[in-house]
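A.B. asks: The primary structure of each chain is shown beneath.
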Amino acid sequence: MDRPMENPVLSVRNLQIVLDNGGSPIQITDDVSFSIGRGEVLALVGESGSGKSVTALALMQLLAQNLKIARGEILLQTQSGSSVDIAKLGTRGKAIEAIRGARMGMIFQEPMSSFSPIHTIGAQIAEVVQIHESVSRQAARKRASDLLGQVGIPDPVGALDRYPAEFSGGMRQRAMIARALVCGPELLIADEPTTALDVTIQGQILELLRNLKKNLGMAILFITHDLGIVAQMADRVAVMYSGSIVESGPVREIFRNPTHPYTRALLEAVPRLGDLDRGRRIQPISGSMPNIYAVPPGCRFHPRCPVAQLPRCSDFAPPVFSKGEHVVACIHGERAFGP
Amino acid sequence: MSELLKVSNLSVKFPKLGKGFWAKPSGYVSAVDDVSFTIRQGETLGLVGESGSGKTTLGLSILLGVRPTSGRVHLRIGDQDIDLTGLSKHELRRARRHMQMIFQDPYASLNPRMTVRDIIAEPLIAGISDKRKLTRAEIDQRVAEVAEQCGLSRDQMKRFPHAFSGGQRQRIAIARALVLNPSLVVCDEPISSLDVSIQAQILNLLAELQTRLGLTYLFIAHDLAAVAYVCDRVAVMYLGQIVEMGRTRDVYYEPRHPYTEALMSAVPEPDPDAVTQPILLEGERPDPAHPPSGCRFHTRCVYATGICKTEVPMLRELSDGHSAACHHAATLKLRGARDLRSPAK
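Here the protein sequences line up with chains A and B, keeping their order.
First residue of the first sequence? That's 1 in the numbering used here, and the numbers climb one at a time after it.
First residue of the second sequence? That's 1001 in the numbering used here, and the numbers climb one at a time after it.
For the record, the hints were derived by calculation from the structure and aren't laboratory data.
Distance windows between CB atoms, simulated:
hint, chain 1, residue 1, chain 2, residue 2, range
1, A, Glu268, B, Arg1316, 36 to 42 Å
2, A, Arg210, B, Tyr1253, 23 to 29 Å
3, A, Met112, B, Phe1021, 22 to 28 Å
For glycine and all other residues, C-beta sits at the position ideal for the given N, C-alpha and C.
Please take these sequences and the hints and turn them into a complete structure.
C.D. replies: Printed below as a string of structure tokens:
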């Protein structure tokens, strides 16, 4: 589901995550492949239960105990040019710990629950530096306050000695970004970083992430369900449905020529502020996302698909078509892309 | 159209606790401060604002779920105009059947130990004002009728909430709210916990039920785009006060309050070619326990001048049915939803 790319920072190949269900493992994601280039923002879009967050956690080897990577590669490029397969590193040990938090940083949806309430912000950021680099406590604190200043926290030196509860939601989110960036990672994974925030604060955080990308040339994997954020932030988009990527490509291409029926339906279902004149009805997608215990055979979207062709769509996995960087897994891809 | 609901000078204050268990309240937080508006029969009024602006408290206090500290709430019931704040407990219980609420989180608002049928039937048993009790058959019939209107099937009635997805749970919550044939329904963020594809289903269902049953909605939301689809008029709240109110089109296309302008500019448009010029507000919402002097928005407002720090602006009508609480409303040229983004064709 992805075109090869030159020199990606991260390249995920055929990732399959399974849930240990007492003997009969259940597939959570199937054949997920994507790559992210330097200084690029890839948005992984999907609704709840599509497998987007699980994929993000797998990249950091942070999956819950009952979930495991059954197959696939997660290749992270090192500075020397060679690459490490994170999928083979396991969840513990020196190798993964050297990557997690240092080479790849992650920010989460809920900033309150991702900080310890009984340690100061400064201690929690400096800790990351001291784990990964042999520097003095003083130097680590200095780095922490530099980063806090960089993400727009007023009085960064004073902020070091404050507790998460003393920060507002937006400030906590900024502090979390500072913590994720303190070791200068090549890749930032942002899992719905603005969902818990108010819309005016969301604007501030998105602006901050855009600037960080521009100034540091950092790659960002942006996980979200908000197509507005995708349009404003992403260079490329991968749309996930029920555990697999159904369509991917450059952001303009996906919004201008959505080809997978799910992508099209999703774009139709979003209310838009810019045109009130469209009338009072928006086009919903009928039904709901399939339960992982009862995934439909063939194309997983076929029971909700308005243009499904039975029995082709229910009996066979959807064929993959591509045109340039635009890739789609649907029988209708052929007609859309031409022979 | 006649007025169904009239809210006048409504305020809700919560005591702020001092330190220690026996401490007396050390002051009050004004969650809702001197709010007045009306909703006409069959109309939808949208109430938008960020978290902590007091919109949920306002919704609850209209239904007397939270006692207002001062102010009046008048609801038209039949051909009578009833002041809800003056009713006794017993009278209020009888009035409640005319006003219902739909909550944000359908995972928290449905009792997991009750079947869907019992959940929907409960208001019929608890809130009926007739002397005669309904028979089981009558209840079953009414439940089946309203469930069908909300898109639930008969064979789902014996199941428990855990068997349903978020969207279906919200349908159950809507059916429960409508079973008594209310005239006013307060919808408190009814779609914000749902997925995009399901949000549209629920928005369309609410619109359809309104046309079919002549319902009047107070629609509380923070998603400005969704509000535009369902609301005839919109009121924008900031720190417990309404700062702007008017017809949806007027407020969105020609906002008269700087906060409304900033709020709309911050919504990311789902179009990569849209030219968005977000007005990034400085800082965050002040603590409602210590609201800023003068205009409460002056600390974050890009247009603020000296008068804004000292004098409280009143909500005043600027053009037909469009009012704003800003000293400079008459002179400011603010950009609306159409000016902030012009998608390339």
